[in-house]
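Student: Single-letter residue listing:
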Amino acid sequence: MSDKHSKQRSKYTLDRQIPGAFEGETITRRRFMTGTAHTAGAIAASAFTLPALGFAIGPIFKSTPHRWETVGTTSMFTDTNYVPAVVTLTPNIGEAGKSTVYVRRFNPEIDTDPYDKGTPYIAISSRCAHLGCPVRWVDAAERFICPCHGGVYDLLGRRVGGPPVRPLDRFYTRVSGENVEVGPRFSVNSQLRRFSPRDPGEPLDGIGQYLYPARPGAQKL
Amino acid sequence: MPKLPKLPAPPLPPPLREPPPRPGEANGKGGPIEEAMQAGITVVDWVDERTSLSGAGRWLMFRKVPKGTNWFYTLGSATMFAFLSQAVTGVFLAMYYRPDPSGGAYESIRYVTNDVFLGQFVRGMHKWGSSVMVILVFLHMGRTFFFGAYKYPRELNWVIGVVLLILTMTMSFTGYLLPFDQRAYWATIVGVNINGTGPLLGPYLSDFLRGGSEFGATTLSRFYAIHMLLLPGAIAALIGAHLYLVAKLGTTAPPWQKAKPRAELHEAEV
Chain A
1 MSDKHSKQRS KYTLDRQIPG AFEGETITRR RFMTGTAHTA GAIAASAFTL PALGFAIGPI
61 FKSTPHRWET VGTTSMFTDT NYVPAVVTLT PNIGEAGKST VYVRRFNPEI DTDPYDKGTP
121 YIAISSRCAH LGCPVRWVDA AERFICPCHG GVYDLLGRRV GGPPVRPLDR FYTRVSGENV
181 EVGPRFSVNS QLRRFSPRDP GEPLDGIGQY LYPARPGAQK L
Chain B
1 MPKLPKLPAP PLPPPLREPP PRPGEANGKG GPIEEAMQAG ITVVDWVDER TSLSGAGRWL
61 MFRKVPKGTN WFYTLGSATM FAFLSQAVTG VFLAMYYRPD PSGGAYESIR YVTNDVFLGQ
121 FVRGMHKWGS SVMVILVFLH MGRTFFFGAY KYPRELNWVI GVVLLILTMT MSFTGYLLPF
181 DQRAYWATIV GVNINGTGPL LGPYLSDFLR GGSEFGATTL SRFYAIHMLL LPGAIAALIG
241 AHLYLVAKLG TTAPPWQKAK PRAELHEAEV
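Protein chains in written order, with this note's numbering: chain A, 1 to 221; chain B, 1 to 270.
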């Protein structure tokens, strides 16, 4: 059995009794031509498939430049209540690219978490951490409330009820002269530790930060 | 040079020959109606001689169906006609639609609905037809499930059907954004974020759908291309495969249909 097998598996076409075989030839011309044609076809197909695929998934790896936008003057904001301001997250697409940010001055009595040290203003995104609906600051309740599925957040943006999986996102802030400026967004976990921006619905506590990795194009500030 | 004997004329090829008189026209050619019919038959013959399509047509259309076949078996065809209706109305809506996120998309939809002759009707067909198609897909799936028609040898057709179900839902999802009103916008935000909650790959899927990290200028055109170029082709191809397997494997009898053994088999057993 093994004898016959080894005889059939001879490297040389001449040994395998193939008609028209040359001395020292190890692959038949027919197999060579078939392989060449298939390879040429594969190269031709990938020559248009791979660029098209890269074109379609390219935005995943693209990093967007940081934008700083003025939301008002320093006298407009207090350290006990939020003032809504509209910022443009994506330029050139009209209303669809705008979003509301809730801004207040840093208050050392409330903002005791070590991660907030040194931020002059607290700017909280109105994008619900559940599925991205716009939350509203309700003054009487001192809560952020989401109209879609009932997410509720406290003054610091931490979840106190409903389906959201993490606190509300925040924005970097800076003061330039008299103007308060809002920069890129970042996400926080339930201890208000900072992470690069995530989409709504992605938890950041425990294993969550590994299950929902940061965007490849995310830049450190 | 000796004169060669003249060869007999070769026989005419069948299409050129005078057809033998059909029954009932033994008294020579009929009137203009018969002649028109004859012309039609000649054209069909001409095509069929070069393509052999009539065999394939007979194979597809004239199949044996099991006893007990009933109205439930029309749900698949109904789904296909819903898809064809979506395809036709969608093509004509695309003649007016502009995937422009800074107001043009909404304006073009408003124009179709309010100003174009029959625009409201065609858009209504497309809008309500999408719900009809989803409902029919589920009814067809339920029929297949409750009649046990997914069992051997039809498992692959069930798998293709599930892919078609997913593609139909994706069509509904991508089409929902196109009117670009508040409902469309927020539904898409929520829908993309639901996709993003899938672990590991979810965030990348969200970025792929949006064409970036935020809902941006390319999101609408991306949804539009998926909705009217990518998915309809895939759905049409898979419907073809689905139908081929139906014709190849045949349909199942309803579960309440009892198989009746043939008499001669009984005698052979005895």
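Don't read these hints as lab results, they were simulated from the structure.
These numbers come from a predicted model, not from an experiment.
Treat the hints loosely; a few may be bogus.
[To be verified] Partner residues aside, some chain B positions facing chain A, computed with beta carbon under 7 Å: (1) S102; (2) F208; (3) S213.
[Said to hold, decoys possible] Computed cross-link-like contacts, SDA-like style, restricted to lysine to any residue with a CA-CA straight-line distance of at most 25 Å: (4) K258(B) / Y150(B); (5) K62(A) / K258(B); (6) K62(A) / G198(B); (7) K62(A) / R183(B); (8) K62(A) / E214(B); (9) K98(A) / Q182(B); (10) K98(A) / R183(B); (11) K98(A) / D181(B); (12) K62(A) / G191(B); (13) K98(A) / E214(B); (14) K62(A) / A217(B); (15) K98(A) / V190(B); (16) K127(B) / C148(A); (17) K98(A) / T218(B); (18) K98(A) / L205(B); (19) K98(A) / T197(B); (20) K98(A) / R98(B); (21) K98(A) / K258(B).
Each residue gets a CB set at the ideal place from its N, CA and C atoms; glycine is no exception.
Student: Taking the earlier hints as the rules, which of them does this structure contradict?
Tutor: 5, 7 and 21
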